[in-house]
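Following this note's numbering, the numbering of the sequence shown begins with 63 at its first residue and continues without gaps.
Among these hints, one or two may not hold up.
Said to hold, decoys possible - Pairwise CB distance ranges, derived in the manner of DEER restraints: (1) Cys-130 x Ile-317: 50 to 60 Å; (2) Cys-189 x Lys-154: 33 to 43 Å; (3) Thr-241 x Ile-195: 24 to 34 Å; (4) Gly-376 x Cys-217: 49 to 59 Å; (5) Cys-158 x Cys-329: 50 to 60 Å; (6) Cys-217 x Ser-253: 15 to 25 Å; (7) Thr-269 x Thr-207: 42 to 52 Å; (8) Ser-280 x Gln-188: 17 to 27 Å; (9) Lys-275 x Ser-164: 47 to 57 Å; (10) Ser-280 x His-346: 35 to 45 Å; (11) Asp-251 x His-206: 21 to 31 Å; (12) Gln-272 x Lys-210: 28 to 38 Å; (13) Cys-329 x Glu-153: 21 to 31 Å.
Hints are computed from structural coordinates only; laboratory data are not their basis.
Owing to the predicted nature of the structure, the values given are computational and were not obtained by experimental measurement.
Ideal Cβ placement from N, Cα and C applies to all residues, glycine included.
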Amino acid sequence: MAFIKEESEDVKIEETFTVKQEDLQEQTDLIKDYEESKEEEHHVKIEDKTHLETDGVLKVRDKSCFTCTQCGKSLGSKSKLKTHMRIHTGEKPFTCTQCGKSFNQSSYLNQHMRIHTGEKPFTCTQCGKSFSIRSSLYRHMKVHTGEKPFTCTQCGKSFSDSSNVKKHIMIHTGEKSFTCTHCGKSFSDSSYVKKHMRIHTGEKPFTCTQCGKSFINSSNLNQHIMIHTGEKPFTCTQCGKSFSTSSHLKQHMKIHTGVREYMCLECEKTFITAAELKRHQRIHTGDKPYKCSHCSKRFARSGTLKTHQRIHAGDKL
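Go ahead and model the full structure; you've got the sequences and the hints to work with.
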């Protein structure tokens with residue numbers, strides 16, 4: 063009898079376990095159905111909100127929209143509006159400790175500081191040239207791609223960025239609305255005036271970290287640095303000769319094209335570069351700026367002076 067009782071106990075446990083398993087499965091199915099119904103309900107609510115346009119999301123958006131009272135521009139946050147307002151007030155709370163120049167945003171100051179530190183974290187993958195700001199790298203990349211999407215409507219000349227085409231158009235209109243307060247010279251762009259003013263103030267904020275030589279603008283510094291690095295990124299496709307600046311390459315290309323755009327008004331002789339024309343004009347003016355330190359004889363060209371000095375040095379010509 064004891065055996066039978068023990069067996070019935072096992073059957074009861076097995077039945078109980080089976081029932082619990084079924085209950086668990088039923089609960090799982092119920093949870094799954096509940097979650098699916100909630101998800102469906104969620105989508106219905108979103109649809110209803112979209113159709114009725116009475117959802118709280120739109121109200122939140124309205125609340126988070128901060129509008130400038132000066133120009134009507136809308137900003138996404140109060141801090142962004144505060145920063146934007148500095149354009150109208152002229153406030154520039156972020157000042158460079160090196161040269162005293164001020165900015166209306168801290169990010170602009172951080173970018174500016176790279177001029178003094180020489181930091182150039184943005185590098186071109188094509189030629190390895192580095193830049194202090196990302197936008198300069200983007201503009202530079204168009205040199206490799208040849209992309210010039212901005213075209214002058216007057217002459218059809220194309221440019222890699224919109225600012226350059228705006229400046230170029232002023233050549234046709236003759237507009238020069240920015241004037242130097244020292245000498246009255248006018249310019250088509252405010253940045254040109256700022257650079258020009260350094261001639262009067264003597265300011266040279268761009269310093270070479272290699273030799274300490276300072277320059278009026280960053281482009282002159284970049285050209286100078288290539289003396290130390292030996293970098294010559296601009297190569298002639300005709301003969302393979304390389305140059306440190308694009309302007310030197312353009313002048314060189316005239317040798318291959320035969321373009322002689324500089325003409326002497328005295329004898330109508332033409333030259334490839336302005337420097338060659340200037341040297342030639344000394345024949346007509348009698349200007350002889352190069353003086354021999356041995357005999358005080360004067361010459362119109364430095365090359366002629368060097369040749370003459372070999373006589374004093376005892377060199378055979």
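Structure-based check of all given hints:
{"no.": "1", "hint": "Cys-130 x Ile-317: 50 to 60 Å", "verdict": "56 Å, holds"}
{"no.": "2", "hint": "Cys-189 x Lys-154: 33 to 43 Å", "verdict": "35 Å, holds"}
{"no.": "3", "hint": "Thr-241 x Ile-195: 24 to 34 Å", "verdict": "28 Å, holds"}
{"no.": "4", "hint": "Gly-376 x Cys-217: 49 to 59 Å", "verdict": "58 Å, holds"}
{"no.": "5", "hint": "Cys-158 x Cys-329: 50 to 60 Å", "verdict": "53 Å, holds"}
{"no.": "6", "hint": "Cys-217 x Ser-253: 15 to 25 Å", "verdict": "23 Å, holds"}
{"no.": "7", "hint": "Thr-269 x Thr-207: 42 to 52 Å", "verdict": "33 Å, violated"}
{"no.": "8", "hint": "Ser-280 x Gln-188: 17 to 27 Å", "verdict": "21 Å, holds"}
{"no.": "9", "hint": "Lys-275 x Ser-164: 47 to 57 Å", "verdict": "26 Å, violated"}
{"no.": "10", "hint": "Ser-280 x His-346: 35 to 45 Å", "verdict": "38 Å, holds"}
{"no.": "11", "hint": "Asp-251 x His-206: 21 to 31 Å", "verdict": "26 Å, holds"}
{"no.": "12", "hint": "Gln-272 x Lys-210: 28 to 38 Å", "verdict": "34 Å, holds"}
{"no.": "13", "hint": "Cys-329 x Glu-153: 21 to 31 Å", "verdict": "60 Å, violated"}
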